[in-house]
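Colleague: Model the full assembly from the supplied sequences, consistent with the hints where possible.
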Amino acid sequence: EDQVTQSPEALRLQEGESSSLNCSYTVSGLRGLFWYRQDPGKGPEFLFTLYSAGEEKEKERLKATLTKKESFLHITAPKPEDSATYLCAVHGSSNTGKLIFGQGTTLQVKP
Amino acid sequence: DAGVIQSPRHEVTEMGQEVTLRCKPISGHDYLFWYRQTMMRGLELLIYFNNNVPIDDSGMPEDRFSAKMPNASFSTLKIQPSEPRDSAVYFCASSRGGRGLGYEQYFGPGTRLTVT
Numbered sequence: 001e002d003q004v005t006q007s008p009e010a011l012r013l014q015e016g017e018s019s020s021l022n023c024s025y026t027v028s029g030l031r032g033l034f035w036y037r038q039d040p041g042k043g044p045e046f047l048f049t050l051y052s053a054g055e056e057k058e059k060e061r062l063k064a065t066l067t068k069k070e071s072f073l074h075i076t077a078p079k080p081e082d083s084a085t086y087l088c089a090v091h092g093s094s095n096t097g098k099l100i101f102g103q104g105t106t107l108q109v110k111p
Numbered sequence: 001d002a003g004v005i006q007s008p009r010h011e012v013t014e015m016g017q018e019v020t021l022r023c024k025p026i027s028g029h030d031y032l033f034w035y036r037q038t039m040m041r042g043l044e045l046l047i048y049f050n051n052n053v054p055i056d057d058s059g060m061p062e063d064r065f066s067a068k069m070p071n072a073s074f075s076t077l078k079i080q081p082s083e084p085r086d087s088a089v090y091f092c093a094s095s096r097g098g099r100g101l102g103y104e105q106y107f108g109p110g111t112r113l114t115v116t
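Protein sequence lines, in the order shown, are assigned to chains A and B. If you count the first sequence from 1, position 21 lands on 21 in the numbering used here, and the numbers rise without skipping. If you count the second sequence from 1, position 7 lands on 7 in the numbering used here, and the numbers rise without skipping.
Warning: the hint list may mix true and false statements.
[Stated by the list, open to error] Listed next, the in silico DSS-like pairs over lysine-lysine satisfying Cα-Cα at most 30 Å (straight line): (1) K68/B - K42/A; (2) K42/A - K24/B; (3) K59/A - K42/A; (4) K59/A - K24/B; (5) K42/A - K78/B.
The set of hints was computed from the structure by calculation and includes no laboratory data.
Modeller: Here it is in structure tokens:
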């Protein structure tokens with residue numbers, strides 16, 4: 001059964017303090033790993049898709065990386081506006097079209 | 001381009017009443033998903049469609065829930081009768097799948113349902 005586990009559940013950082021969020025997964029035939037950002041009262045917003053181990057993608061202060069067992073979302077010099085819940089999801093070969101989501105990491109960046 | 005559109009944005013109803021949530025997916029997307037999100041259980045997939053056909057409804061909690069997709073641009077999620085434990089935020093999402101495509105899902109703003 002495809003499974004996604006995110007850690008930590010919550011993370012508090014000072015503005016400018018870099019850190020990483022972890023997404024561990026087990027999936028039969030990874031077809032894609034996705035990162036989303038969710039702000040309170042809003043729907044998840046798509047950030048990145050990673051397809052194969054070794055792949056990296058960047059957007060502003062965020063960089064996502066992928067290995068065969070996990071993905072990291074690195075946040076460099078975060079700002080208060082980066083505060084949100086970050087969700088990880090996988091698409092496996094046994095679940096055409098369906099994504100399996102983790103529980104999310106809630107990030108708070110204090111000024 | 002317009003994103004996924006959901007209505008209503010907020011719904012307050014009494015226990016036992018019928019509730020209908022509506023969704024318009026992004027044009028050209030062939031997958032549509034209904035999710036429910038609560039603090040306790042996180043984001044749960046209820047049902048999804050491909051080309052208007054239900055593919056997996058194993059997440060639908062019970063027979064009180066039903067979903068339809070009569071055409072490529074419209075879907076409904078109905079709860080009848082509603083119960084207080086159905087209170088949650090319901091999201092609709094759509095994606096475009098197929099060989100060489102990413103299956104990235106795009107979410108609507110959600111409907112916050114409160115059943116009293």
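Colleague: Each of the hints needs a verdict: does it hold here or not?
Modeller: Structure-based check of each hint:
1. Between K68/B and K42/A, the direct Cα distance comes to roughly 24 Å. Compliance with the 30 Å bound is thereby established for this hinted pair.
2. Between the alpha carbons of K42/A and K24/B the distance comes to roughly 17 Å, so the proposed pair stays at or under 30 Å and holds.
3. For the proposed pair K59/A and K42/A, the alpha carbon gap of about 20 Å is at most 30 Å, so the pair holds.
4. For the hint pairing K59/A with K24/B, the CA-to-CA distance comes to about 29 Å; that is within 30 Å, so the pair holds.
5. Between the alpha carbons of K42/A and K78/B the distance comes to roughly 21 Å, so the proposed pair stays at or under 30 Å and holds.
Of the numbered hints given earlier, the model fails none.
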